[in-house]
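Enquirer: Residue-level listing of the chains:
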Amino acid sequence: MRVYFRYAVKETLTNLWRNRMMTVAAILTVAVSLSLVGAALLLKQSAAQASAQWQQGTRVTVWMQPNATSSQVDAVRTQLTSSPIVKDCTYFTQAQDYAEAKTLLPKSEWEVLTIGAMPSSFRCVPTVPQDAFVIESTFSNQPGVYRVTAPEQQIRQMNHAIRILQVVFLILAGVLLLSATVLILNTIRMAIFARRREVSVMKLVGATNWFIRVPYITEGFIQGLLGSAVAALAVTALHTWYPLHNEFALDTTALIGTNVVVVLVGVLIGSVGSAIAIRRFLEV
Amino acid sequence: MIRFEHVSKTYKNGTPALRDVNLDIEKGEFVFLVGASGSGKTTFLRLLLREELPDSGRILEAGRDIGKLSKWRVPYLRRNIGCVFQDFRLLPNKSVFDNVAFALEVIGRPRTTVESQVPQILELVGLSDKAKNLPGELSGGEQQRVAVARAFVNRPLILLADEPTGNLDPANSESIMALLERINRTGTTVVMATHDKALVDRMRRRVIELDRGEIVRDQVRGVYGIDEAAVNL
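Residue numbers (our numbering), protein chains in the order written: chain W, 183 to 466; chain Z, 36 to 268.
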């Protein structure tokens with residue numbers, strides 16, 4: 183066993199060194215494609231986390247016209263409180279909204295406002311976050327209502343953009359992963375071709391199939407591993423140097439999880455590439 | 036040691052290579068396999084190595100039906116069979132020592148075995164002083180002796196030689212034959228396919244002649260070919 187181990191290590195290293203140009207090409211392709219996979223994964227986790235956080239605190243604000251009559255306000259209030267999709271509602275008077283605007287807006291902007299020009303508002307929490315949109319469409323045409331705002335819209339647009347980005351990343355990564363697999367396959371094929379004399383002698387003197395195969399499998403495995411290690415470094419660098427902020431910020435667990443996936447995929451394509459090469463080009 | 040029972044083999048393109056071959060080769064025998072090119076000699080050797088399977092019939096080696104051998108056991112069968120070819124098949128970038136050692140290493144023999152066996156076998160073939168040379172630096176006869184050393188280093192039960200003297204001059208052929216005889220005397224069964232008439236005639240060993248896949252002659256202490264001998268007179 184020890185003899186074999188030493189043999190396999192020696193063979194693998196010689197093969198890698200002999201085909202170093204191809205090896206480097208294969209490793210780099212694996213690295214680039216897996217970096218994209220890693221970035222797409224980070225993006226997806228970040229988007230999922232952000233929208234979860236937003237949805238938890240989703241608020242729908244029904245702004246009344248500044249000149250809405252109190253009967254109009256009451257009508258909206260009754261409807262809101264009786265609606266099953268509204269969990270909770272708080273009424274902000276014109277004065278309260280004015281006070282809030284004072285804290286939110288820069289001085290130059292709130293100075294021109296007067297209490298009388300401020301809309302009063304209902305700050306509501308929908309029973310289910312997805313209902314925010316329904317509330318918006320139901321109340322925006324009510325008499326006395328100025329407009330209804332919900333962050334839902336923005337979340338949707340953002341999620342849409344992120345999803346497109348993700349699909350693009352994943353398609354690119356898929357194409358690159360495929361070419362990485364083919365490159366690894368080709369490197370192994372060349373290694374097998376370079377050693378065809380050795381292989382024929384090995385078969386002749388009765389080396390077992392696995393004895394002959396293992397160095398080539400480990401070769402592909404190592405190429406996948408090295409490529410994914412580079413990709414994991416790139417993903418970590420991305421995470422460290424260009425961190426996402428606020429709701430998008432990811433913790434280390436997410437990063438480690440992503441890197442684990444990246445390495446596993448790398449090892450997988452390395453092994454698959456060499457396995458195909460062995461099946462097709464190494465007859466034992 | 037080797038028994039063929041009604042063995043037939045036809046290749047995919049329809050050429051029959053062996054037709055209903057029956058024979059027995061005892062342990063320790065020295066057998067010449069003669070016949071024109073395409074008579075089935077190489078197929079015979081390939082069947083023994085289980086590089087091919089017969090279409091019908093059984094081949095027994097050391098009492099075992101090798102047709103029934105599962106695929107993963109084939110390497111273990113081959114460990115009991117040494118092989119020498121016309122073109123030597125040495126690894127050009129390995130030294131003489133490493134070429135012979137390779138045969139032991141790849142079947143997982145420990146280093147100590149390699150270090151004790153290889154010098155012994157190089158001594159036997161008379162190449163101790165060339166252990167560090169590359170095959171390219173040796174003469175054809177010396178290269179073939181390295182090949183014999185590699186085939187025999189694992190002490191196989193059977194040694195197959197496919198035209199081992201085909202590329203050699205008479206003097207070198209002679210030394211290879213002497214070597215094969217020595218190996219045969221240790222109890223190893225030797226089967227040698229050859230075209231070398233003079234060699235066969237002088238050795239006076241068992242001769243099996245194949246013609247278009249059939250055994251046409253099986254003669255103890257035979258000569259290369261009776262017909263040709265007559266023509267040559």
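Be aware that one or more of the hints could be misleading.
What the hints assert, rightly or not - One side of the interface only, derived from the structure: several residues of chain Z facing chain W at Cβ under 10 Å: (1) Y111; (2) R114; (3) I116; (4) L125; (5) F137; (6) G176; (7) A186; (8) D253.
Treat the hints as calculated values from the structure; they're not laboratory data. Here the structure is a predicted model, which is why all the values come from computation and not from measurement. Beta carbons: idealized from backbone N, C-alpha and C, even for Gly.
Enquirer: Could you run down the list of hints and mark each one as holding or not?
Expert: Taking the hints in turn, this is what the structure says about them:
A least Cβ separation of about 6 Å between Y111/Z and chain W falls short of the 10 Å threshold, and the interface hint therefore holds. For R114/Z, the suggested interface contact is upheld, since its CB lies about 4 Å from the closest CB of chain W, less than 10 Å. At a threshold of 10 Å, the smallest CB-CB gap from I116/Z to chain W is about 8 Å, leaving the interface hint in force. For the restraint placing L125/Z at the interface with chain W, the shortest Cβ-Cβ distance is roughly 8 Å, inside the 10 Å limit, so the hint holds.
For F137/Z, the interface hint holds, since its Cβ comes within 10 Å of a Cβ in chain W; the closest pair sits about 7 Å apart. Using the Cβ-Cβ criterion of 10 Å, the hint placing G176/Z at the interface with chain W is not satisfied: the shortest such distance is roughly 20 Å. At its closest, the beta carbon of A186/Z sits 8 Å from a beta carbon of chain W; the interface hint therefore holds under the 10 Å criterion. Because the beta carbon of D253/Z sits about 28 Å from the nearest beta carbon in chain W, more than 10 Å, this interface hint is broken.
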